[in-house]
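**Student:** Protein chains in written order, with our numbering: chain A, 105 to 380; chain B, 58 to 370.
Keep in mind that the hints were calculated from the coordinates and are not lab data. Among the clues, some could well be false.
[What the hints assert, rightly or not] Where chain B lies over chain A, by a calculated footprint (3+ residues, C-beta under 8 Å): (1) 208-214; (2) 343-350.
[Said to hold, decoys possible] Quick list of in silico lysine-lysine cross-link-like pairs, DSS-like style, CA-CA up to 30 Å: (3) A:Lys212 x B:Lys204; (4) B:Lys191 x A:Lys217; (5) B:Lys245 x A:Lys142.
[Claimed, not checked] Short, incomplete list of chain B residues facing chain A, as computed with Cβ under 10 Å: (6) Arg64; (7) Thr74; (8) Tyr77; (9) Gly78; (10) Phe80; (11) Thr81; (12) Ala85; (13) Lys191; (14) Ala192; (15) Arg195; (16) Glu246; (17) Ala307; (18) Ala310.
Glycine included, each C-beta is placed from N, C-alpha and C at the ideal position.
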Amino acid sequence: MSLVRDADLQLTADRRPFASLYSRNVRAVIVRGLVATKTSNAAIMISGFVEPVLYLLSMGIGLGALIGTVQGPDGTEISYAAYIAPALLTVSAMNGALYDSTMNVFFKMNYAKLYQNMLYTSLGPLDVALGEIFLALLRGFLYATGFTIVMAAMGLITTWWALLMVPAAVLIAFGFASIGMGITSYIRTFQQLDWVTFIMLPMFLFSATFYPLSVYPEPIQWLIQALPLWHGVELLRQLSVGSFGVMTAVHLLYYVLMVIVGMTLTTRRLRALFLK
Amino acid sequence: MPQTTSRPTVIAADQLTKRYGDFTAVDAISFEVPAGESFGLLGPNGAGKSTTMRMIGGVSQRSGGTLRIMGLDPEEQGPEVRAHLGVVPQEDNLDQELKVRDNLIVYGRYFGLPLSYLRPKADELLDFAQLTDKANARVEDLSGGMKRRLTIARSLINDPRVLLLDEPTTGLDPQARHILWDRLFRLKERGVTLILTTHYMDEAEQLCDRLIVVDRGRIMAEGSPSALIRQYSTREVLELRFGADRNAGAAEAVEGIGERIEVLPDRLLVYAHDGEAALEAIGNRGLSPLTSLVRRSSLEDVFLRLTGRSLIE
């Protein structure tokens with residue numbers, strides 16, 4: 105270690121925008137996540153992949169045997185498993201992203217004190233938030249890839265367009281992760297996090313995941329269509345068979361807006377989230 | 058400290074305030090720390106020491122006043138200020154998901170430092186913290202003293218110019234404390250400015266060139282340990298025990314001996330220039346305490362005098 109000189113003790117201000125919140129070092133947060141996963145969390149990673157696959161096996165094959173075929177997005181008949189598989193992928197993208205950006209962030213903030221020690225370095229809260237969101241998306245990407253491979257192995261994929269489900273699932277995860285982190289900035293206790301689950305479960309069950317929207321009376325249909333999960337389910341379902349329309353663009357736009365709103369909210373709430 | 062007067066100011070706090078709702082944790086305190094000084098914040102739990110440290114690090118937003126660290130406001134220039142700051146928080150918040158050596162390297166990457174610098178630096182610091190043989194251990198397998206040493210090693214990864222230490226030796230055994238003090242002395246010799254909070258008097262006396270005594274968010278006194286003792290206490294203290302029920306009664310009988318008497322639940326403190334002489338005078342009055350002890354005045358006495366309370370309750 106070298107001697108500290110007087111000249112070292114007069115710092116110059118950084119004039120870039122966001123200098124108080126951002127040090128352009130998202131990479132360090134990502135590296136930390138990868139090293140930690142390698143050291144401690146590999147098992148948890150695998151469980152996140154297995155869950156939607158179990159649903160697909162149980163409902164697709166089990167229930168599917170009773171149901172037979174249903175009408176797909178382009179009007180042709182497809183197997184029940186092929187009908188629900190894109191929906192299950194959407195749900196898993198939502199669950200993973202929300203879990204990472206709410207529970208996980210809350211725990212690392214208040215219990216593991218991980219962010220505390222990151223924020224005592226030259227990292228700013230924006231570096232931390234972007235790094236954590238990137239890690240959530242990377243995880244979402246790996247899960248989506250794995251799930252798509254399982255779908256292919258089960259013979260549920262009939263077109264190359266279905267590969268687009270992977271980036272689309274990442275976009276869906278981005279939408280939920282950015283909103284989720286904004287929400288976490290308002291959360292004070294673990295009990296309040298239960299509300300997140302309270303909203304996720306009915307969305308999972310009723311967003312045309314297991315049956316078409318047309319079973320509902322019209323007002324309910326409008327409600328479901330306002331919620332994000334339905335747009336994700338429909339988007340992936342269309343991609344899975346390569347059938348596109350105006351609605352495909354609407355679904356995509358919904359998530360692009362969700363990312364913009366979520367990232368704006370998260371950035372505005374960074375001080376509330378990280379600097380108390 | 059004649060050399061410190063000409064050196065630049067590293068930390069300047071003016072009317073620094075932090076409120077949580079109705080509660081004022083730090084109440085308009087002002088102080089300056091010149092380069093190379095070892096500066097202490099002494100006070101009981103809840104005095105506002107840690108909150109002050111967090112504001113210096115820019116991880117807690119102040120409610121009022123101004124603060125300059127090496128010329129910059131840590132709230133506006135957090136990343137830039139913290140690039141040259143080392144922080145040892147009160148609780149070891151080591152990364153439990155990483156191994157010991159990775160704790161140092163990953164932490165160094167938060168500063169944007171390259172691996173070519175960090176790898177040898179991590180080994181040097183493991184040696185400094187006497188943890189070389191634990192490099193690949195898990196953090197949870199370390200003893201309390203080892204964790205503390207690792208936290209301190211981690212705070213040095215960026216060669217900080219200012220080191221913030223929040224209760225650095227709490228929970229360490231005496232031997233570990235002395236090792237740590239030695240390490241801190243060496244840093245000071247290199248010109249690192251040390252800011253530390255403590256509620257241990259001996260630590261403050263050993264380590265601090267100058268300190269502020271803080272209670273309920275306010276500064277009660279400021280000065281070097283010896284100056285504070287001179288100003289607020291006597292050279293020596295005579296501690297007398299008469300037995301739990303009789304201390305208060307004995308206080309009246311002792312009245313007039315020494316400069317001042319303090320009655321604590323378990324003992325009497327007689328503040329006097331010459332403790333032995335005071336003890337003799339007490340014997341001459343026919344009083345026979347169960348035990349007696351003459352010691353030099355410490356910062357504990359200063360604190361008692363200033364606040365009427367002990368530091369550690």
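**Student:** If a hint holds in the structure, say so; if it doesn't, say that too.
**Tutor:** So, going through the hints one by one against the coordinates:
no.: 1; hint: 208-214; result: violated (count 0)
no.: 2; hint: 343-350; result: violated (count 0)
no.: 3; hint: A:Lys212 x B:Lys204; result: holds (19 Å)
no.: 4; hint: B:Lys191 x A:Lys217; result: holds (23 Å)
no.: 5; hint: B:Lys245 x A:Lys142; result: violated (38 Å)
no.: 6; hint: Arg64; result: holds (6 Å)
no.: 7; hint: Thr74; result: violated (15 Å)
no.: 8; hint: Tyr77; result: holds (9 Å)
no.: 9; hint: Gly78; result: violated (12 Å)
no.: 10; hint: Phe80; result: violated (14 Å)
no.: 11; hint: Thr81; result: violated (16 Å)
no.: 12; hint: Ala85; result: violated (20 Å)
no.: 13; hint: Lys191; result: violated (15 Å)
no.: 14; hint: Ala192; result: violated (13 Å)
no.: 15; hint: Arg195; result: holds (8 Å)
no.: 16; hint: Glu246; result: holds (9 Å)
no.: 17; hint: Ala307; result: violated (49 Å)
no.: 18; hint: Ala310; result: violated (53 Å)
When the structure is compared with the earlier hints, violations turn up for hints 1, 2, 5, 7, 9, 10, 11, 12, 13, 14, 17 and 18 and for no others.
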